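Colleague: Here's the letter readout for the chains.
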Amino acid sequence: MKVEIIKEVREHQPLIHHITNQVVMNFSANGLLSFGASPVMAKAQEEAAEMASHADGLLLNIGTLTSGDLEAMIAAGKAANQIGIPVVLDPVGAAATTWRSQAVKKILAEVHPSAIKGNAGEMAHLVNIPWETKGVDSTGEGNTENIAAQVADTYDTTAIVTGKKDIICQGNRIIENNTGDPYLSKLTGAGCLLGSILAACLTTGHSADQQALAAVNFYGLAAEYAADSPDVKGPGTFMSRFIDALSKDPAKLNRRDIDE
Amino acid sequence: MKVEIIKEVREHQPLIHHITNQVVMNFSANGLLSFGASPVMAKAQEEAAEMASHADGLLLNIGTLTSGDLEAMIAAGKAANQIGIPVVLDPVGAAATTWRSQAVKKILAEVHPSAIKGNAGEMAHLVNIPWETKGVDSTGEGNTENIAAQVADTYDTTAIVTGKKDIICQGNRIIENNTGDPYLSKLTGAGCLLGSILAACLTTGHSADQQALAAVNFYGLAAEYAADSPDVKGPGTFMSRFIDALSKDPAKLNRRDIDE
Amino acid sequence: MKVEIIKEVREHQPLIHHITNQVVMNFSANGLLSFGASPVMAKAQEEAAEMASHADGLLLNIGTLTSGDLEAMIAAGKAANQIGIPVVLDPVGAAATTWRSQAVKKILAEVHPSAIKGNAGEMAHLVNIPWETKGVDSTGEGNTENIAAQVADTYDTTAIVTGKKDIICQGNRIIENNTGDPYLSKLTGAGCLLGSILAACLTTGHSADQQALAAVNFYGLAAEYAADSPDVKGPGTFMSRFIDALSKDPAKLNRRDIDE
Chain V
260 MKVEIIKEVR EHQPLIHHIT NQVVMNFSAN GLLSFGASPV MAKAQEEAAE
310 MASHADGLLL NIGTLTSGDL EAMIAAGKAA NQIGIPVVLD PVGAAATTWR
360 SQAVKKILAE VHPSAIKGNA GEMAHLVNIP WETKGVDSTG EGNTENIAAQ
410 VADTYDTTAI VTGKKDIICQ GNRIIENNTG DPYLSKLTGA GCLLGSILAA
460 CLTTGHSADQ QALAAVNFYG LAAEYAADSP DVKGPGTFMS RFIDALSKDP
510 AKLNRRDIDE
Chain R
260 MKVEIIKEVR EHQPLIHHIT NQVVMNFSAN GLLSFGASPV MAKAQEEAAE
310 MASHADGLLL NIGTLTSGDL EAMIAAGKAA NQIGIPVVLD PVGAAATTWR
360 SQAVKKILAE VHPSAIKGNA GEMAHLVNIP WETKGVDSTG EGNTENIAAQ
410 VADTYDTTAI VTGKKDIICQ GNRIIENNTG DPYLSKLTGA GCLLGSILAA
460 CLTTGHSADQ QALAAVNFYG LAAEYAADSP DVKGPGTFMS RFIDALSKDP
510 AKLNRRDIDE
Chain G
260 MKVEIIKEVR EHQPLIHHIT NQVVMNFSAN GLLSFGASPV MAKAQEEAAE
310 MASHADGLLL NIGTLTSGDL EAMIAAGKAA NQIGIPVVLD PVGAAATTWR
360 SQAVKKILAE VHPSAIKGNA GEMAHLVNIP WETKGVDSTG EGNTENIAAQ
410 VADTYDTTAI VTGKKDIICQ GNRIIENNTG DPYLSKLTGA GCLLGSILAA
460 CLTTGHSADQ QALAAVNFYG LAAEYAADSP DVKGPGTFMS RFIDALSKDP
510 AKLNRRDIDE
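Residue numbers (our numbering), protein chains in the order written: chain V, 260 to 519; chain R, 260 to 519; chain G, 260 to 519.
Rather than coming from a laboratory, the hints here were simulated on the basis of the structure.
As the structure is a computational prediction, the values presented were derived from the model and not from experiment.
Heads up, the list lumps identical chains together, so a pair's fine if it works in one copy or across two of them.
Below, simulated DSS-like cross-link-like pairs (lysine-lysine); rule was C-alpha separation at most 25 Å, straight line: (1) LYS507 / LYS266; (2) LYS492 / LYS266; (3) LYS266 / LYS393; (4) LYS337 / LYS364; (5) LYS266 / LYS445; (6) LYS507 / LYS393; (7) LYS393 / LYS337; (8) LYS393 / LYS423; (9) LYS261 / LYS424; (10) LYS261 / LYS507; (11) LYS445 / LYS492; (12) LYS261 / LYS511; (13) LYS507 / LYS445.
In isolation and in its complexed conformation, chain V is listed as follows (with noise of 0.2 Å):
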C-alpha cells in the first residue's frame, strides 16, 4: 500500500458528496470523518448536481433507492463527470430485484463512474455472470478475478470485487488483496462505507489501481486492528473501534500494535 495515498486524504480533507442508502448514514459519515475526508449528504433533486458540482469526490450508492433518489444521483453523476471529480457506484443488491437492476443500468447510462464497488454477486450482475445472492449479499462462489475484469471493461473504470480476498482490476492489471476480518460480516455498511473510503482515495494524485488498493488495504487493517483490541467483545464493541481504528495512521495498523 502507498501510504502517501492515506497522507493526502488527510492533508486536504476531501469533501465527498453522498448520495447514499439511509441505513448506513450516520455509519458512513462517522468513519469517513475518521479516517480524515469530509461526508455531506444532500439528496434532493432540486440540489444533489449543484452539491457534487461543489464537491472534491461523488459516491452513488443504491441501497435503499427510490425513484427520486435515482434521478438525484444521475443529476449528481452527470455534474461530477463535467467538472472531473472521481465518481463511485456501490451497486448494492443490483441482482435482488428487477427494480434494481434496471436502475443501476439506467446509472450506468448516463454517468460513467471512475470506480465501481460490489460484492461478487453485485459485480457479477453487472456483467451478466450468473452467481447466487441473498437479499444484498453475496452467496455464490467462483471466478472473482473474471467478474473485475469484465466490469472493468465492459464500463471502462477501475473494478472492485470485494469479499474474503478483494479483487482490484484496472486495465489489464489485477491486484488482490487479503486485509480484513470476519467482523466485517456483522456490521451493517462495512462494504457501503468501503465506497466512501474509495471515494476519498481517488481524490489523490496516483494511479486508480494504487488508489483503490489503498483503500480496501488499510480498511482491511483496520478491521484487524480493531478486532485485535480486548475490549472487542461482539459486534457492537468492534463497531466503535473499527470507527477509531481508521484514524490511525497506516504505519501504527500495519505494526498490529494495539496497546495506546
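Guided by the hints, dock chains R and G onto chain V, whose structure is given.
Modeller: What follows is chains R and G alone, placed relative to chain V:
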C-alpha cells in the same frame, strides 16, 4: 424459553425484509445481524413486493411513515401473505396522530400480520381501549393482559404487549415475560429491534407463542447481560454491549456470567 | 450555567418533535433520551403539524431537506408558533446550495424560531455576511459576535453561533461559552444533537439566554468529560462515552471526575 428457536435462526440465517423507520434502520440491521439473521431494507414501491417475495420474513414498522412507505408496506405485506412468510407489524405511535391511526388500520385491512408487537398505548389504540400516551411512548397503566387478548382476538394474530412485563397472547394462551433492563427505555429503537428479532424467530418450526416468548425472553436476557458489564456507564456504552450480547449463546446469558 | 435548567428538563422530560436530517436521526434521538428528554420524529406532511401540537418543543434541521420535508417543517413550525412552544431552527449547510438557501429563507418567512443555532458559515449566510464554507462546515474566520448579533436582531430570536468559542446573542446581551472538545468535530451530527438539547432547555421556565447557555455549556462539559475517559481511543469510542456523559449530573461533569 426454547433455545432451539434461537439455534434454528442462527443455522438458517433467515432473510428479514424491513420497511421500517429511518431512526432505527442502522441499529435494527446491526442488532439483527448480531443475533444471527440477515436484514434487508428496501422501501421503493417498485421493489417492496418483489423483495418480500424473496425473503423469509417481513417487518413493517410505521415509526416515520410517509404515504409512499404506506403503499410499499401494503404491497410487501400482501406479497408476504401470499407466499406464507411471517409478517410482524409494529404500530409505532399508532395513537399519536390521526394519520398514523388511519394508516395502521389501512395496513390491517389489507395485510394479515402473524404477530403485532407494541407498547400498551399502541396496542390499546388498535382495539379502542383508552390509554395514556406521550409521543411514541406509553405512559398509562392498566390491564395489559386484556389488551393483548383483545388484539390477538380482533386481528387473529399473536399479540405481544411490551413493557416492564411483556404479555404474549396467542389464541387463549397468555404468557408473561419478565426479562429486561431499564436501559432499554433509554435506547432509541429498542422496541423496533425486538420486532426484527421476533420476525426472525417466527421463521422457525415452532408454535407462535413459543417463538414470541423466545424472542422477548432472549432479548431481555441480552439486555440484562449487557447492563451487568462493568464497562457500561450509560446508554451509549450500553448500546454497544447490547448488540454484542445479542450474538451470545442463550445459555451464557442465563448464567449472567460476564467474564469472557 | 444554571443547573436548574438541566434539572427541570429531567423532571418534565419534554417531548421534542424533530423534523431533522436522516444522517443524525438515531444519534440525536439517543443523545436526547440520554440527556433526559423525549424525542419524537415524524415527517409525513399528513401528521407533522398534529405531532408538533402535542409536543413541548420543535426542532427543524435542514441537513437532508427534500421538498416534502420543507412543507412538513413549515406546517409543524406554524402549529408550534400557534400553541406557543419553542422552535429551534438549525440551518445546516444553508450556504451550500441555492436550494438550501431559498428553503431556509422560506421557513424563516413563515415560521418564527425561538432560537437559531448554526456554525459561523450558516449563520453569516442568513444575514448576508460573506463567509468561507466547505460542504456543511464553516471554514472562515472573523467576527462571530457580529454575526450572532445580526441574526438575533434580524429574526427577533436567540442566536447561537457554534464553534471553538460559542456565541449566544439575545436582545443586546452577548454571552460566550468555551466548553467543548475537538472530538466533537469528528462526530457527525454533533451540532445537530445540540439543537435537540437546546430545544429541550427552551421548554423550561428561565430566560432564553440562560437556557441557551445551559445547553451549550452542559454539552461542552459532557464532551470534555467523555474525552477524558481512558477508554476513548478515537471518534468511535468517544461517541458512546459522549452519549453516556449527556446523562450525568452537571456537578459531576464540572468536577471532571471520571472515576465511577
